[in-house]
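Peer 1: The listed protein sequences derive, respectively, from chains D and W. Here the numbering used here is used: the first residue of the first sequence is 22, the next is one more, and so on. Here the numbering used here is used: the first residue of the second sequence is 119, the next is one more, and so on.
Treat the hints with care, as some may be off.
[Stated by the list, open to error] In silico DSS-like pairs for lysine-lysine, Cα to Cα no more than 30 Å straight-line:
id : chain 1 : residue 1 : chain 2 : residue 2
1  : D       : K86       : D       : K99
2  : D       : K180      : W       : K199
3  : W       : K199      : W       : K182
4  : D       : K180      : W       : K182
5  : W       : K353      : D       : K147
To be clear, the hints were calculated from the coordinates, so they are not data collected in a lab.
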Amino acid sequence: MTAPTIARAPRRPASHRSYRDMLATSTARTLSRRRVVSHIMIGLTCIAAVVATLPLLFILTHLAKQGAASVNWNFFTKMPVPTGELGGGMANAIVGTGIILVIASLIGLPVGMGAGLYLAEQRGTKLANIVRFLSDVLNGLPSIVLGIFGWQLLVRPFKHFSALAGGVALAAMMIPLVTRATEEMIRLVPVSMREAALALGYSRWRTSLSVVLRTALPGIVTGALMAIARIAGETAPLIFTAFGNSFWSVSPTQPIAALPMQIYTYALTPYDDWHAQAWAGALVLLGLVFVISVAARFATRSRFGLGGD
Amino acid sequence: MTDGVAAPIPPATRAEAPEIRIEASAIGDRLYRWITTGFALIIPALLLLIAVEVFVAGWPALSKFGVSFLTSSEWDAVNGKFGAAPAIFGTLVSSAIALIIATPLAVGVAIFLSEFAPRWIRQPLAFLVDLLAAIPSVVYGLWGLLVLLPMLRQHFMPFVKDTLHLGNFALFSGPAYGPSMIAAGLILAIMVLPYISAVTREVLLAVPRSQREAALALGATRWEMIRDAVVPYAKSGIIGGIILGLGRALGETMAVTMVIGNRHEISSSLFQPGYTMASLIANEFSEATNDLHLSALMGIGAVLFVVTIIVNTIARWLVWQTGRNKAP
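Isolated chain D, as found in the complex (with noise of 0.2 Å):
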């Protein structure tokens, strides 16, 4: 046996013989110089978590400061005025987001459902590995291509911006996301409970809906909330679709306001009392984010008590 005088830990991925070779040549030194290493990049890493987390404290503490000051009432309440008045809101800006939120969840959500249904029973199907690659790669497409996307279908042929073109965009967002955590949640759902309710002579599409859907809804909803805060501060297919409106508008189909747009149209000013508006939507819009993603974990949490096992 060659003992091979190794001073160093090797680069490349250590078979198992040199590990033992390295103990049984190192001296005290030499492991006490790969315990300082060690200690070092676990250090190292630990920095880096620090330094991660450090921008978020940074933008949440200036947001926090910065929007509570123009946070009030009248944001909640006013339609925005021209610069240097006083007293103006997002109240258009803050229901459009509703309004364009809702015709997304009309569409995403049962289309979501109902694939991520098809993708959790037909598992191994050729068609079912196809559509959930599918879905990944719709997942990962910019969101300004689906704002182009929403454009060239329902803006242009009619010649005008409106939510229902938003809504469908962020639909398009949408539907991925809800898929992949409909299949999740459905194939948590134990086997036996499956097989409990077709043997008491359930069909399959009630055993589906009635008992495996049922049981799976809890974790369906905590995804579909995540969806929607997740599209909620979406901008950049707004841009195309929605447009925005300095006006008052409920309508489906004339353009709308959004939070996410109205921040971005006022932050590109150079005026400071928009600015404070800015920051007030963007500390609303996050609030709103962040209620959406509290509720969906009480949602989870409650499947925990029901599932049962």
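Given the coordinates of chain D, work out where chain W should sit on it, guided by the hints.
Peer 2: Then chain W, alone, in the frame of chain D:
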């Protein structure tokens, strides 16, 4: 089997019930399967429709300029000349900056979270990193525009130029206004970090315990265990996560539009404003004056569509590879 059950008809009033139910359930089952299959087929159909619509929208420009659409850097809306080279350049550079900054941090966080972090800190820390992904793009943009840019202009850029005397170096030359490629790269780094870190954490958790125990049993230190036993095992998944982050960075729109300065120019300096494909589309859409200009913007969208699909497919494949190794 269903036929066999239906055959013997018991007498009396309850007789018809079983037969009807079985008939109904057979039809119901078939209907149910058709409906869910229909919903599932909406996804490929939707993707196809998106591809068609985006290419139809961009076709006039794509067919008129051909390859020069990608290679020319002339962008003249008045004379109808459109070349997307500066935007493509900007997309690549800003994404590269983002990945160079975000990758070591994201992988570091993931390793820390999955291997070293004390139990009590894991949940909250993972939550914070995930929260980075929950912040809307436009909020990053707002922060970038009103906080990050002034900071770069007043502190970082003068520091690099004057204190470090790197002002004549090509990467940092030119006037320091704030809106710049480096600002876009920094914002993107913050935005893609949670994606890379989430995937990396996932694949690290997929590495079997035995792999770690074997390395430790052979006398490896904890770091050697990570380097020699865990990371090689999860390598393709980690690379997949990085490429997934790349896909996000390439298509990110609002935050970049707000900080990159929006200028059609290929500059060697990271302190100079530029354009990315997505920010070009978003920024010029509302001011596009003629159909060819609009179509040129949509054509860039079509290029972006193709590029992100390729990038994401590679990423998914790599992540899937790691998942497949899980068996032993």
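Peer 1: Hint by hint, note whether the structure agrees.
Peer 2: Outcome of the hint check:
{"no.": "1", "hint": "K86/D <-> K99/D", "in the structure": "holds (22 Å)"}
{"no.": "2", "hint": "K180/D <-> K199/W", "in the structure": "holds (26 Å)"}
{"no.": "3", "hint": "K199/W <-> K182/W", "in the structure": "holds (10 Å)"}
{"no.": "4", "hint": "K180/D <-> K182/W", "in the structure": "holds (24 Å)"}
{"no.": "5", "hint": "K353/W <-> K147/D", "in the structure": "holds (28 Å)"}
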